[in-house]
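> Residue numbers (my numbering), protein chains in the order written: chain U, 1 to 108; chain X, 1 to 108.
These are computed hints drawn from the structure, not numbers from a lab.
There may be inaccurate statements among the hints.
Just so you know, same-sequence chains aren't split out, so a pair can sit in one copy or run between any two.
[What the hints assert, rightly or not] Derived pair list, reagent style EDC-like, types lysine to aspartate or glutamate, alpha-carbon separation capped at 16 Å:
| # | residue 1 | residue 2 |
| --- | --- | --- |
| 1 | Lys-102 | Asp-62 |
| 2 | Lys-15 | Glu-39 |
| 3 | Lys-102 | Asp-81 |
Number of protein chains: 2
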Amino acid sequence: MNSSSKEPICLPSLKILGDYWKLRIIDVLSENEGLRFNEIARQIEGINTATLTKRLKDMCSDNIINRTEHSRADVLYELTDLGKEALPLLHAVNHFSDAMSKYPASKK
Amino acid sequence: MNSSSKEPICLPSLKILGDYWKLRIIDVLSENEGLRFNEIARQIEGINTATLTKRLKDMCSDNIINRTEHSRADVLYELTDLGKEALPLLHAVNHFSDAMSKYPASKK
Numbered sequence: 001m002n003s004s005s006k007e008p009i010c011l012p013s014l015k016i017l018g019d020y021w022k023l024r025i026i027d028v029l030s031e032n033e034g035l036r037f038n039e040i041a042r043q044i045e046g047i048n049t050a051t052l053t054k055r056l057k058d059m060c061s062d063n064i065i066n067r068t069e070h071s072r073a074d075v076l077y078e079l080t081d082l083g084k085e086a087l088p089l090l091h092a093v094n095h096f097s098d099a100m101s102k103y104p105a106s107k108k
Numbered sequence: 001m002n003s004s005s006k007e008p009i010c011l012p013s014l015k016i017l018g019d020y021w022k023l024r025i026i027d028v029l030s031e032n033e034g035l036r037f038n039e040i041a042r043q044i045e046g047i048n049t050a051t052l053t054k055r056l057k058d059m060c061s062d063n064i065i066n067r068t069e070h071s072r073a074d075v076l077y078e079l080t081d082l083g084k085e086a087l088p089l090l091h092a093v094n095h096f097s098d099a100m101s102k103y104p105a106s107k108k
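All chains should be built: construct the whole structure from the sequences, respecting the hints.
Structure follows, in structure tokens:
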């Protein structure tokens, strides 16, 4: 029997993993090089301004995204190098979401 | 610009993915075919009985693990087929954890 404590899970990664909106933001930014707030909002169905503002702020301070202010009216968001490393997380979530539809839910 | 809404993230998957203890349980069970409660507890540093009990119950009803009662004193837990589909997630979490140590944290 192996010990499984060799690779403790890093808690900051769970801040991203467990958050639907952060995963959606990473998804949108992964397909676009630099987006404005309104462009991100438009591509994420159901997100509201307060939620998007809060998530972007958190993700900037976690070094997942960069915020570049070219002018007051021209602020662009993009994934950092670390943010790009979160893409396998997205793929794994999508893989698991697919699997959930393949296998029956609870047997009880 | 692509639409990124093609693969909506399934919300129930985030119940599993964002939980540190559930990921640890999946990790331990992925390396062992059928474990008793005490064996799981022993392999997960820092988990207490109440937390492990609750997580195992949730994961059974979410069809992530199977609970097989051979006798009152002999109950084994193992990953279901769906539970095994969560393993890429564990790898992605480990990948991201590695990346976090490679890139500097916040610049501010």
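> Please go over all the hints and tell whether each is borne out by the structure.
Outcome of the hint check:
no., hint, result
1, Lys-102 <-> Asp-62, "between (35 Å within a copy, 14 Å between copies)"
2, Lys-15 <-> Glu-39, "neither (24 Å within a copy, 28 Å between copies)"
3, Lys-102 <-> Asp-81, "between (34 Å within a copy, 10 Å between copies)"
In the structure shown, a violation is registered for the earlier hint numbered 2 alone.
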